Each structure stands twice: as C-alpha cells, then as structure tokens.
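Colleague: For the record, the sequence lines run as chains A and B.
End of the first sequence = 118 in this note's numbering, gap-free, step of one.
End of the second sequence = 1065 in this note's numbering, gap-free, step of one.
Keep in mind the hints are simulated off the structure, nothing from the lab.
Remember, it's a predicted structure, so these values are computed and weren't measured experimentally.
Heads up, the beta-carbon is just placed ideally off N, CA and C, and yes, glycines get one too.
It is possible that some hints are incorrect.
Cβ-Cβ distance ranges computed for the label pairs, FRET-style [what the hints assert, rightly or not]:
#	chain 1	residue 1	chain 2	residue 2	range
1	A	R7	B	D1050	29 to 37 angstroms
2	B	D1028	A	G118	43 to 51 angstroms
3	B	A1057	A	T19	27 to 35 angstroms
4	B	D1037	A	L101	28 to 36 angstroms
5	A	E9	B	A1045	26 to 34 angstroms
6	B	K1051	A	G104	32 to 40 angstroms
A few chain B positions that, by computed beta-carbon distances, are all more than 12 angstroms from chain A [to be verified]:
#	residue
7	D1002
8	L1003
9	G1020
10	K1022
11	A1027
12	A1032
13	H1036
14	F1053
15	S1058
16	V1059
17	E1060
18	D1061
19	G1064
This is what each chain is made of:
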Amino acid sequence: MSANRFRVEIPPHPEYLGTARAFVSAVARGVEASEESVADLNLAVSEACAIALSPGEPVRIRVSTLEAGLEVAVDLRDAGNETDDVERRDIITSLFPDAALVPGADGSLVLTFVAPMG
Amino acid sequence: MDLEDVGFIDSSGLGVLVQGKKQLDEADGEIALVVHDGPTLRVLAITGLDKVFRVHASVEDALGP
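Assemble the whole structure, with the sequences as input and the hints as a guide.
Modeller: Next up, the structure:
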C-alpha cells in the first residue's frame, strides 16, 4: 500500500480539539479501522494536541497511512513537562507504546506514534 | 454521575471528575459513575480511575443498596 499523507492545522484553542479528532477519525475510517481503534486514536490525538496548545501557534497534525497502521505526528513547542502534560503523554504511551518525541525539522519536537488499525 | 451519553472524554474531563470527587470527599459526600461500555470506560481503565471511582453499569445499580 502506498502511503497517503494528510495534514491539518487547527487554532490553538481547546474548542478546536474536536476538529482534530474529526480529522483523524475520518482518515482512520477511510482505511476501515475498527471503532475501538478510532476511539484510541481520538484519545491519543486529543491528548497530543492538548500538549501542543500554545498561544499564537497553530497545532499541526500529520497522518500517513502505512501498512502497519496510521503514523501520526503532532508538532510540540516543547516536551511538555507540566504535570498535566506528563499525564497526557502517559495516556498516549498506554495506548501506543511506540510513542516518542523526535526532533522536528525546525528544531522543535514532534510527538509521533503508529496506531495499528484493527 | 451518568456518563452513558458521553461520546468522548480525555484527561481534561477526567481532571474535572477527580476534582469533583476530591471536593465531595472533603465534604463527606460520595460520587459514583455510571458507564457500562465503550470509550469512556476504556479511558477510566487506562488511567486507573476505574479503581478510584465506584463505577456502575446502570443508574439503578449505582443507587442500589
């Protein structure tokens, strides 16, 4: 399967997290993911975007379709060391153990994980 | 608190529940959650909050003896 790539930017306000969830849900359902997989993906992306919220900076979400599932990447302003952010990352890791922070192209950080689509 | 119609909850929502429980605990009150299946119950399990809250499958169970 060739990789299809999708991306969206949302304003940095909590009320737009639903838009991010709708975006990844649409991509996941496009590859016929199970509803449980969609729910897990929704939760992880919502938590990742909540970490990424930063005044004045849009939240960028990228999704690629892979054989193994959906590769998700969310740009972060920093590692998010507030207690809430650590808890959010713990939830993401619980859902997707391969979740990792990797350097972005512009020196920022990217939270990335692969969500298997069962 | 009946969560059966909650379509989505993340750690922000869970934080509100935990804060509410803390306030009720301090006032010698109690809270139980009603949810029997689906994403909400899964989130509670992932975060371990299914062990912190009393979770029931129905309002009747929650209010029962």
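Colleague: Against each hint, give a clear statement of whether it holds in the structure.
Modeller: Status of each hint after checking the structure:
At about 35 angstroms, the beta-carbon gap between R7/A and D1050/B stays in the expected band of 29 to 37 angstroms. For the pair D1028/B and G118/A, the supplied restraint of 43 to 51 angstroms holds, since their beta-carbon distance comes to about 45 angstroms. Remark: the range hint 27 to 35 angstroms for A1057/B to T19/A is upheld by a beta-carbon distance near 32 angstroms. A C-beta distance of roughly 33 angstroms is found between D1037/B and L101/A, which places it inside the suggested range of 28 to 36 angstroms.
For the pair E9/A and A1045/B, the supplied restraint of 26 to 34 angstroms holds, since their beta-carbon distance comes to about 33 angstroms. Taking 32 to 40 angstroms as the suggested C-beta distance range, the pair K1051/B and G104/A conforms, at roughly 37 angstroms. With a minimum CB-CB distance of about 20 angstroms to chain A, D1002/B clears the 12 angstroms threshold, and the non-interface call stands. At the 12 angstroms boundary, the C-beta of L1003/B stays outside the reach of chain A, the nearest C-beta of that chain being 14 angstroms off.
With a least beta-carbon separation of about 17 angstroms from chain A, G1020/B lies farther than 12 angstroms from that chain, consistent with its non-interface assignment. Listed as outside the interface, K1022/B is consistent with that label: its C-beta sits roughly 15 angstroms from the nearest C-beta of chain A, beyond the 12 angstroms cut-off. Its beta-carbon lying about 25 angstroms from the closest one in chain A, A1027/B satisfies the requirement of being farther than 12 angstroms from that chain. The claim that A1032/B lies off the interface holds: its Cβ sits roughly 23 angstroms from the closest Cβ of chain A, which is beyond the 12 angstroms cut-off.
No beta-carbon of chain A comes within 12 angstroms of the beta-carbon of H1036/B; the shortest separation is about 15 angstroms. Every C-beta of chain A lies more than 12 angstroms from that of F1053/B, the closest at about 17 angstroms, which supports listing it as non-interface. Remark: the non-interface label on S1058/B is consistent with the geometry, its nearest Cβ contact in chain A lying 22 angstroms away (cut-off 12 angstroms). Non-interface call for V1059/B relative to chain A: holds, since the shortest CB-CB distance, roughly 23 angstroms, exceeds 12 angstroms.
Taking the minimum C-beta to C-beta distance to chain A, about 26 angstroms, the non-interface status of E1060/B holds against the 12 angstroms cut. For D1061/B, the non-interface assignment is confirmed: its Cβ lies about 24 angstroms from the closest Cβ of chain A, beyond the 12 angstroms cut-off. For G1064/B, the condition that its CB be more than 12 angstroms from all CB atoms of chain A holds, with the nearest at approximately 29 angstroms.
Hint compliance for this structure: every hint is met.
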